[in-house]
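**Q** Here is what each chain is made of, one letter per residue.
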Amino acid sequence: MNIIGPELLIFGVDDVAACKQFALDYGLTAADEHRYVALDGTGIEIYPADDADLPAALPTGSAIRKTVYGVAEQADLDAITAELSKDREVKTLADGSIEAVDDLGFVLGFMVTQRKTLELPAEAVNAPGAAPQRGLNITAVSKEDVGTPRTLSHVVYFVPDFPKAEAFYRDRLGFVTTDRFTHVGPFMRPAGTTDHHTLFFIQTPPHMQGIEHFTFHMGGPTDVMTAGTNMVNKGYQSFWGPGRHIFGSNWFWYFKSPFGCNMEFDADMDLHDDSWTARESMPGADNSQVFLLQYREKWAPMGPPPPGAGGKPPGAP
Amino acid sequence: MPAGIRLCDLSELAEGPLGFDPFNEGQDSVLVILRDGNVYAYTDVCPHYGNTTLPWKKNAYLNNRGNRIVCAAHGALFTIENGLCVSGPCKGESLTPVPVIIENNTVWLVTSRAGENEL
Chain A
1168 MNIIGPELLI FGVDDVAACK QFALDYGLTA ADEHRYVALD GTGIEIYPAD
1218 DADLPAALPT GSAIRKTVYG VAEQADLDAI TAELSKDREV KTLADGSIEA
1268 VDDLGFVLGF MVTQRKTLEL PAEAVNAPGA APQRGLNITA VSKEDVGTPR
1318 TLSHVVYFVP DFPKAEAFYR DRLGFVTTDR FTHVGPFMRP AGTTDHHTLF
1368 FIQTPPHMQG IEHFTFHMGG PTDVMTAGTN MVNKGYQSFW GPGRHIFGSN
1418 WFWYFKSPFG CNMEFDADMD LHDDSWTARE SMPGADNSQV FLLQYREKWA
1468 PMGPPPPGAG GKPPGAP
Chain B
113 MPAGIRLCDL SELAEGPLGF DPFNEGQDSV LVILRDGNVY AYTDVCPHYG
163 NTTLPWKKNA YLNNRGNRIV CAAHGALFTI ENGLCVSGPC KGESLTPVPV
213 IIENNTVWLV TSRAGENEL
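Protein chains in written order, with the numbering used here: chain A, 1168 to 1484; chain B, 113 to 231.
Simulated from the structure, these hints should not be mistaken for laboratory data.
Treat the hints with care, as some may be off.
Straight-line alpha carbon distances no greater than 25 Å define the calculated DSS-like cross-link-like pairs of lysine-lysine that follow [unchecked claim]: (1) Lys1258/A with Lys1331/A; (2) Lys1401/A with Lys169/B; (3) Lys1465/A with Lys170/B; (4) Lys1331/A with Lys1310/A; (5) Lys1233/A with Lys1258/A; (6) Lys169/B with Lys1465/A; (7) Lys170/B with Lys203/B; (8) Lys203/B with Lys1233/A; (9) Lys1310/A with Lys169/B.
Stretch-level coverage of chain B by chain A, calculated; a stretch enters the list once three of its residues show a Cβ under 8 Å from a Cβ in chain A [to be verified]: (10) 124 to 133; (11) 178 to 191.
Label pairs and their computed distance ranges (CB to CB) [to be verified]: (12) Val198/B with Pro1222/A: 52 to 62 Å; (13) Glu127/B with Ala1445/A: 45 to 55 Å; (14) Val198/B with Asp1312/A: 40 to 50 Å; (15) Ile213/B with Glu1464/A: 26 to 36 Å.
All C-beta atoms, glycine included, are put in the ideal place defined by N, C-alpha and C.
Same shape as in the complex, but just chain B (with noise of 0.2 Å):
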């Protein structure tokens, strides 16, 4: 078993992209993304003020084509693939890559990196 924090079955994600609270903080903190075949996930935060999360409602990532990554605060329309802040606010800034392995169909938060809630 991988060091790390069970987020949830691959097979969920194929209905949009989700939001986990895996540090049990009582809310989302960060996102999963299934395109194309790969698993994209970030913090769930929004880099134009550092400290206030992204969707309207609960797993709200996306825009309407499905093709960005949005925070709803204030419209930043963010890459999939790498986060990038392509328009608004934060336009040049990213979103922080959060580190997720897949093993036997299992989305797995990456925290050995972290040292911190390991399984």
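Pulled out of the complex, with its shape left as it was, chain A reads as follows (with noise of 0.2 Å):
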């Protein structure tokens, strides 16, 4: 099952003006009324929560309505309907899409993939010892500069069940686990991806079951910056970083949203595959993190001179 990852996060949502104006802000583009994309094209959908069309809201009211995951081709889905329709409804939708129920209560869709390759050069950094990314008089940043989001990188659900989840996207989907934290859940990424992750579990009580988070990747740490100081300049609260995590080595940076659930900015992931060992380690801020790092307003260490200094130091001829 060549699943590559998620391609459409579909949300009910409270205040639909505030959500697309924050997705606007975020940096998606909107490609229809409903639809905010990043620039291949994978994105978020948004509908008022009573919409009558929406997949069923979990009992905890989570925003979340529905993950979409995009497969390689036909063949992927056929395939991922012969599996799922062993024990649970299987529907075929009008647009070709299937969708099905996980065994933890999300519904799941998925589609053949309709994102666009990017070919857009990464950050690119000097070092000594290194040949130069970037090349002579080739400037790095403007003042002007806001990172854009280029696809959708990873969803982390609240679940009452973390054995349960792995096993249901391990056994059915066939999703690898690639580090864990203990007694809370594990990082996993699907077959068609090299990416470290594009799902987490974190274990809750039931009622908090839903969406933590979701995420778009950058083309960089700077791209996440920028784009978080765009967001800061625009009034929106953070909620945890910019900082850079220790499983999957991603720079993130999280802000509140009206989603009900956290927006991050993430960029540069490690990237494995079959042959990587999981790591496992205790929760806690010491594993999370290599770094923190807070925003603060604009500085600069100038200004006037210090009374009586002169232009030299004291004492100097």
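Two chains, two separate frames, one set of hints: put the complex together.
**A** Dropping the structure here:
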């Protein structure tokens, strides 16, 4: 089953206008009335919570109504249909995608991916000892730069039974666990990507089940910083970051959102194949991030000289 | 004058809840809501993690219907009248009330109990 990763996240939200504005300010583009997309066409869809055509909400009321995965080709949809039909209903929708419910109650969709293949440079870095990645007289940044989300990266769920969730995605859909936090849950990637994770589960009481955050990949750490700074400048409130995670090595910056979950920017995630052996560590701050920074308003070590300063160090000839 | 910090004129709350930074911490730490003629004030901290603020942008403390306080991190909903979380991660826990008094149409944060930052 060549599942590539999340293609669309479908939300039923409390404040549609606020969510649409948030999506635009985050850097997504409106593809139609409901769909807001990254550069490759993956993205989110925003509907009012009471939209009758949406899949039913979880009993907890979480705004995530459906997670749609992109697969490589029709044969993958057929394989998923054959597998999941063994013990549950698999609907084929008018657009050719399929829909089923996972073992936790999350509604899943699968579609042949429509994402565009991106041909964009990664953030280029110059470092002593290495060949320059950015040539002579090419400047890296300008004050106007704001990073644009490139592709839907991953989604994180609060779940009441992470071993049950992990087993479903592993045994029924071919996901692989890349790392795990003890007693919390696994980071998982589907077979069709080398990204460290497209899915992470966090064990919680049942009343918390739902989406914890979702995020898009950016072109590099500077894009995370410029996009996040742009959000701060527009009045949005940081939840966590910027910083860099240990598992996955991805840079992160999380913002609270009107979706009732956090929305993250991430960049520079580790890639893995089947030769990787999953690590495990205890959850907590020390194992979650290499470093954590905190935004402050721009400032520079300038200003008038201190009283009595004459432009040269005291005692200088 | 009460032993406290002036937050705002009562009339300013008519447009919706407001966040304040009365202790100059660099971010809002108190939210104040006027509803049905009563003023409610809570610390701007979600009990879920105990150290994160509620809104997704300044003063966005209420849900769309305006009948619940909402934490934008994970969608927790709290009653306005007593700060009880009725849905979400910290269901059953409560926001911490902040003592305020109204005098001459001015909302004051009562600090004499905390003993700090008195005017």
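**Q** Check each numbered hint against the structure and report the violated ones by number, ascending.
**A** 4, 10, 12
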